[in-house]
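Now that you have both chains on their own, put them together as the hints suggest.
Which chain is which? The protein sequence lines are A and B, in order.
So that you can map any letter, position 538 of the first sequence is 538 in my numbering, and since no number is skipped, the others follow by simple counting.
For my numbering, add 545 to where a residue sits in the second sequence, where the first one is 1.
To be clear, the hints were calculated from the coordinates, so they are not data collected in a lab.
One should not assume that every hint holds.
Sample of chain B residues facing chain A (criterion: CB under 10 angstroms; computed from the structure) [unchecked claim]:
hint, residue
1, GLY572
2, CYS573
3, MET577
4, TYR580
5, SER664
6, THR676
7, PHE679
8, ALA680
9, ILE684
10, LEU687
11, SER690
12, ASP762
13, ALA763
14, CYS791
15, SER795
16, ALA796
Glycine included, every Cβ here is placed at the ideal spot set by N, Cα and C.
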Amino acid sequence: MPPERPDDTPPAVVPEKVLEEELALLYDEAPFGYLSTTPDGYIVRVNATLCTWLGLGADEVLGLHLTDLLTAGGRIYHETHYAPMVQMQGFVREIAVDIVRADGSRLPVLLNATLVRSPDGEPRLVRVAVFDATQRRAYERELVRTRDKQQAELRAQAAQVASATATVSQIIDAATSTLLVATDADMIVTHFNRGAELMLGHAAQDVVGRPSAGILGVGETLRQAEDLGVSPDSALIVAALVHHGRPRDWHVTTASGESRTMSLSFTEIRDEHRLIGYLCAGEDISVRLGLEAAQAAALQRELQSVARLQEADRMKDEVVSTISHELRTPIASIQGYGELLADGDLGELTPGQSGAVEKMLRNAARLSALVEDLLHLDRIGSAEEVPLHLAPHDLAALVVEARDSLAQLARSRDLTLDVQVPEEHVLVLSDAQALERVVLNLGDNAIKFTPDGGSVTLTVATTPAGCVLTVADTGIGMSEEDRDRVRGRFYRSSEAYRLAVPGTGLGLSVVEAIVAVHGGTLDIASTLGGGTAVTVVLPAYVPEA
Amino acid sequence: MSVTARHGVSLSGPVDGQPMLFAHGFGCDQSMWRYVAPAFADRYRVITFDHIGSGGSDSSTYDPDKYSDLAGYAADVVEIVRDLDLHDVVFVGHSVSSMIGALAVIEDPERFSRLVMVSPSPRYIDDVDYTGGFAREDIDELLESLSSNFLGWSATMAPVIVGNPDRPALGDELTASFCRMDPDIARRFATTTFLSDNREDLPQVGVPTLVLQCTRDAIAPTTVGRYVADTIPDATLVQLDATGHCPNLSAPEETIAAIEGFLRQRGAP
Chain A
1 MPPERPDDTP
11 PAVVPEKVLE
21 EELALLYDEA
31 PFGYLSTTPD
41 GYIVRVNATL
51 CTWLGLGADE
61 VLGLHLTDLL
71 TAGGRIYHET
81 HYAPMVQMQG
91 FVREIAVDIV
101 RADGSRLPVL
111 LNATLVRSPD
121 GEPRLVRVAV
131 FDATQRRAYE
141 RELVRTRDKQ
151 QAELRAQAAQ
161 VASATATVSQ
171 IIDAATSTLL
181 VATDADMIVT
191 HFNRGAELML
201 GHAAQDVVGR
211 PSAGILGVGE
221 TLRQAEDLGV
231 SPDSALIVAA
241 LVHHGRPRDW
251 HVTTASGESR
261 TMSLSFTEIR
271 DEHRLIGYLC
281 AGEDISVRLG
291 LEAAQAAALQ
301 RELQSVARLQ
311 EADRMKDEVV
321 STISHELRTP
331 IASIQGYGEL
341 LADGDLGELT
351 PGQSGAVEKM
361 LRNAARLSAL
371 VEDLLHLDRI
381 GSAEEVPLHL
391 APHDLAALVV
401 EARDSLAQLA
411 RSRDLTLDVQ
421 VPEEHVLVLS
431 DAQALERVVL
441 NLGDNAIKFT
451 PDGGSVTLTV
461 ATTPAGCVLT
471 VADTGIGMSE
481 EDRDRVRGRF
491 YRSSEAYRLA
501 VPGTGLGLSV
511 VEAIVAVHGG
521 TLDIASTLGG
531 GTAVTVVLPA
541 YVPEA
Chain B
546 MSVTARHGVS
556 LSGPVDGQPM
566 LFAHGFGCDQ
576 SMWRYVAPAF
586 ADRYRVITFD
596 HIGSGGSDSS
606 TYDPDKYSDL
616 AGYAADVVEI
626 VRDLDLHDVV
636 FVGHSVSSMI
646 GALAVIEDPE
656 RFSRLVMVSP
666 SPRYIDDVDY
676 TGGFAREDID
686 ELLESLSSNF
696 LGWSATMAPV
706 IVGNPDRPAL
716 GDELTASFCR
726 MDPDIARRFA
736 TTTFLSDNRE
746 DLPQVGVPTL
756 VLQCTRDAIA
766 PTTVGRYVAD
776 TIPDATLVQL
786 DATGHCPNLS
796 APEETIAAIE
806 GFLRQRGAP
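If we strip away everything but chain B, and leave its shape as in the complex, we get (with noise of 0.2 angstroms):
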């Protein structure tokens, strides 16, 4: 199975625009840029994909190993841009995938031009001088709700409970709805977003970047956004009205004005 297909690759606008690589976070899909990615498809070459185990993806590719640190997400990225042989990437990552995207940018530098964060955190435990917002318990509570809740589980435990696991009686409806994720994989990504702590790689970060921070965020306090802000050389911080962590879906005019925005200051068409 060819990169694209693995990951659910889909392509639009024109093709020889300036590429533009959306990734989505922990949660849902590509589908999470649906109010967003289209606006660029008229001058950019948009392309969105799903991480491995969520969306569309092949799940079976799942490598726990590789998928414990966001370095192995990092790598999938550089692999899609160097399969599809993009240059001059402007690479937009939601939540995690703003990391992701970090750690690819430094991974292959050559290929990427510009980095959006929407919504990002380097770390979401707090530590010594640092608030991530969290304690680790939260973190475990978030793993035990993962485990108990019913779109994790019940969508494989209905078929156990009634003894007949070839009949996944509620996967259906669930499976056909969005943020479906094999429940395993779920908790697996979650761990490995929620216990990483990338600050150190934000200095090497060598792309001018745009910080997108909401007001009110549950998972990404304001003064995260900051601290992403100022520890990446060339960042710039736009504080949005929008509330809560998904800018991309709650205001996405808002959203894309603040990226054109970004892009345009930087010399983009």
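Looking at chain A on its own, in the form it has when it is part of the complex (with noise of 0.2 angstroms):
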């Protein structure tokens, strides 16, 4: 609504003169430059202030074409967008070009142009404004200059985007032998690495893009929404799993039927502000679970076995127990009755019969040592108390005592037995019976294993470190293996067998057995052909003061 003139105030009267003197100035000296041309661009007429932006006076800009007044392109420009413009449309608006003074500098300037018609629609003249444009076109200037400079941080912004999501890609995609598969929030694939391609034997391209369902199987899925407790909804299954937290077991088959357990786990991305997809993440265990029942299975068998040697082994114990009992009365019978043939208590003995009663008698007393052996293993092997009887023994009197004994098994043979002992007791805390094992079993083993013409050697020592047994023979020895393994049960070297030397392979390991329960230990030394040499070391025994 226009603004109302109160009725009492007559209009403002000014001479018609004064203003037609007004308006000459207004042209003249307006803030802004007024030309007018012909249709095609000659100037007829031109305001002083334009004049005074030019340098020049109305004389020199009359008659001057549009162009003269412009530089080379803003002369383009007049040609191909002003001129056209003018001519087709009637008028322009805000064309921006610079005009050349007359000392040569430049004027940014905007020109509005307007096509003046006479009454029979000829073009007449062209009526231009020409604004000063200085301060607009530093502006102007400022503002693209911001933009570009803004366009080029956005740009280089984008780049390193681009860069790091370009390497995060490939980190993703080298990792072939795990599967990873990233979905917006509306479960779309949106990632489907290398690991998940082999694993799977969907190719990227087929999955990228489609909905995630599916892939993973939808049998497989409803059966890990119903161990999960959710209802059949993919929603809801996602965020069971999500929840859920740690890996899970499923059991997928791929592309090309082929079934595999692989262990997947699911989380949420997002960003700063909301949830903007899923990941699941994953191996392939069917191998892992493959060679972990394998393993399993061979444990079972293994103990399995285990179990069915250790029953074996109870049960040879048991045998060789009751059997050793069950032997030793009848063995003493014989050596009883044998005794009273041999010192003629039932008659005179032809010397054939004496002979045969001799070698009876012997082989009676292998087969006694022999049960005793058993009897010792048995008792010492099994977890009852061992019934010892402890006394303090001289170790150099049992020596003196069973070298008769070892000079009876030697007396076949071209053997020679030295015992060395000192003069002095030599008192170990012992079981006499046991302790006479030791000395019998490891001279009976040096005889058996020294080849005639050799000798056999036993010495009793005290030193520092207690009461010492040392049996020496220049016999067959036996190789470093071995030695290490004669102390076991049954077990007869190699030479022993290749020489067929007679035996059971328990002596060693009773006398093995007895030292232990003495505190002692035993040592062998011995190269195959060198000889061996056993040293037996016993607690000295110190009577109490």
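Here it is as structure tokens:
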């Protein structure tokens, strides 16, 4: 609504002549340049302001073509834009060009032009208003600079993001043994890495951009839902899987129809504000599960065979124990009657009979020794308390006593049996019977494994380490490997087998066991073909003061 | 999108008339021919179109590589001619399209019978023994002028300034105006045009050619018009009384008469 003029105020009156003068001044001195041209651009009128800007007199401007005022670039713009538009649409608005002043300097201006037609419609003149655009152009340039700078920064940022994205993509794809499937919030697959391709048998290009449902198998997904106790709705299932947190085993059928077991975990992908997708990560554990199952089966078989062996061992021990006890009495009877026969208590024997009885008794003694070995082992090997009868015994005396038995064994052989004992007592707190077995077994072994012409030496000594019994021979010896094994029950060295030396493989293990329960140590020094020296060290008995 | 739709092709005149294909120059669009083309529509099949990036063309198909050379524009002309299956074509090109027409005629001589070059220039920049009218710096100045021009950049800048690129505040009015052009494409078209040098192509133009040269053309000096007419084997130079660069707008009657004279003289209807 136009503002109202109060009724009682008469309109201001200025003489016509003053108004005309004012109009002329306004045209000439307005803060704008004005000019008029012919339709094809020749200047026919110009105001004082524009002349001042140009640094030219009006008489110098009149008759010029508009393009004469412009830069070369401006002239082209005039011909390609200004002139066609004035001619076609009758006006132009704010054409930006530079005009060239008389001194060669430039003035950025905006041109507004209107085509004036004669009453019959023929183009007559073009009115042009020229605005000084120096400041505006400066602002515009500043804006363009700012825009270009921002765009450059944005481009740099975008390049950085693209580069980071490419790096992450390559890392993800490089993980060929890890399945990585990403979806957006609507569970449309956005990334399907090389590992996923290899494990599931789908090509990424066939999967990306499609719903993720079904990739892991509808049946299996429903089974997982049931397992997690959620209804079969994909949003609920994925929420439950994310909430579950830990990896779960999935039985997945690959594109080629192969059954695989995958250990998969599900997580949410979030930006600062909201959920933007889901990530499924995992590995194919089919091979590992197969290996584990095979290992468990092997272990089970191992345990079963160990149990069988333990049972067999127990039965063997029982048999040995029983037989040994059962053999003792008849052997004692054979020995008793044999001695009666040998002593002539049952009548004089012919030399032939006497020799036979002697052989019988010798073999009965061996049999008896074997039985004693077995019984010792049985006692020591069993978990029960060993019924040792400990008392101080003189090791030296014991060795001297054993010499006779050993001499009897060595008699048929061409062997030197040497016994070296100190004059003083060598007291050891021991079970006499057990200690005697130690001496006899070691001596017996030495004699057995020493060929004719060799020697066997039994030495007793007292050292700071304890009472020492050494049984050394010049026999066949044994390899380093055998040396470590002969301590075991029933083990016989390969040389013993090769030379068909009789024996059970029990003697040394009995010795070892006895020495151990007496708190002693046993050491074997031997080389193949270089003889053997067995050294037993037992704690010396110290009588209480 | 079809070739014709891509170029906003418009057809008029008798379907069986001899084809006259009008091509606009740098700056505006096919409306540059609004005062000239209709004069031929009674006898000729008149076809006007927009170069890609101008007027009603599909700017999304603009390919900076292809259009870095006038041959790219000439290829479009040949494509239009083939798509419409035109023969015996009279090609009328204004300004840079005179040269685009020359290249199209060389490319597919079988389809064209006449070439009309309105205000042509085979090279705008001065060279040894050649006056194009401009120095290299002048062209840079034009590009600067384009960049800073309201028509050029304000239509896209204004929304950026007010911080809302989705609302083309000033764009609506301007795009409804003539000579609308994507500022980036305008700049590229200007570069391709004003840095072109097709002097060596002129001797290969094998059809009768009319060169229309204005008086006092700020873009194509009269010496250039003579050069073109002298270099094309079978060319006629007509010096118009019209001034400026666009006689098709400023002096349509004189332009029409010159073209008709040329076509008649060469045995046209």
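Would you settle whether the hint for ALA796 (chain B) is holds or violated, based on the nearest Cβ-Cβ distance to chain A being less than 10 angstroms? holds, 9 angstroms
Let me know if the C-beta of SER664 (chain B) comes in closer than 10 angstroms to any C-beta of chain A, holds or violated. This interface hint holds because 9 angstroms falls under the 10 angstroms limit.
Interface restraint verdict for LEU687 (chain B) against chain A (beta-carbon cut-off 10 angstroms): LEU687 (chain B) check passes; min Cβ-Cβ to chain A is 4 angstroms, inside 10 angstroms.
Could you check if CYS573 (chain B) really has its C-beta closer than 10 angstroms to a C-beta on chain A? holds, 5 angstroms
Does ASP762 (chain B) hold up as a contact with chain A if the rule is Cβ-Cβ below 10 angstroms? holds, 7 angstroms
Classify the hint on ILE684 (chain B) as holds or violated, based on whether any CB of chain A lies nearer than 10 angstroms to its CB. The hint holds - ILE684 (chain B) has a Cβ within 10 angstroms of chain A, the shortest such distance being about 7 angstroms.
Interface restraint verdict for SER690 (chain B) against chain A (beta-carbon cut-off 10 angstroms): SER690 (chain B) check passes; min Cβ-Cβ to chain A is 4 angstroms, inside 10 angstroms.
Once the shortest beta carbon distance from MET577 (chain B) to chain A is found, is it less than 10 angstroms? holds, 6 angstroms
Let's test the interface hint: is any C-beta of chain A closer than 10 angstroms to that of TYR580 (chain B)? Given a least distance of 9 angstroms, the restraint on TYR580 (chain B) holds.
For the restraint on GLY572 (chain B), tell me whether the closest CB of chain A is nearer than 10 angstroms. Status holds, d = 3 angstroms.
Let's test the interface hint: is any C-beta of chain A closer than 10 angstroms to that of THR676 (chain B)? violated, 14 angstroms
Take the shortest C-beta to C-beta distance between PHE679 (chain B) and chain A; is it under 10 angstroms? Result: holds, 6 angstroms to nearest chain A Cβ.
Consistency with the previously given hints fails for number 6 only.
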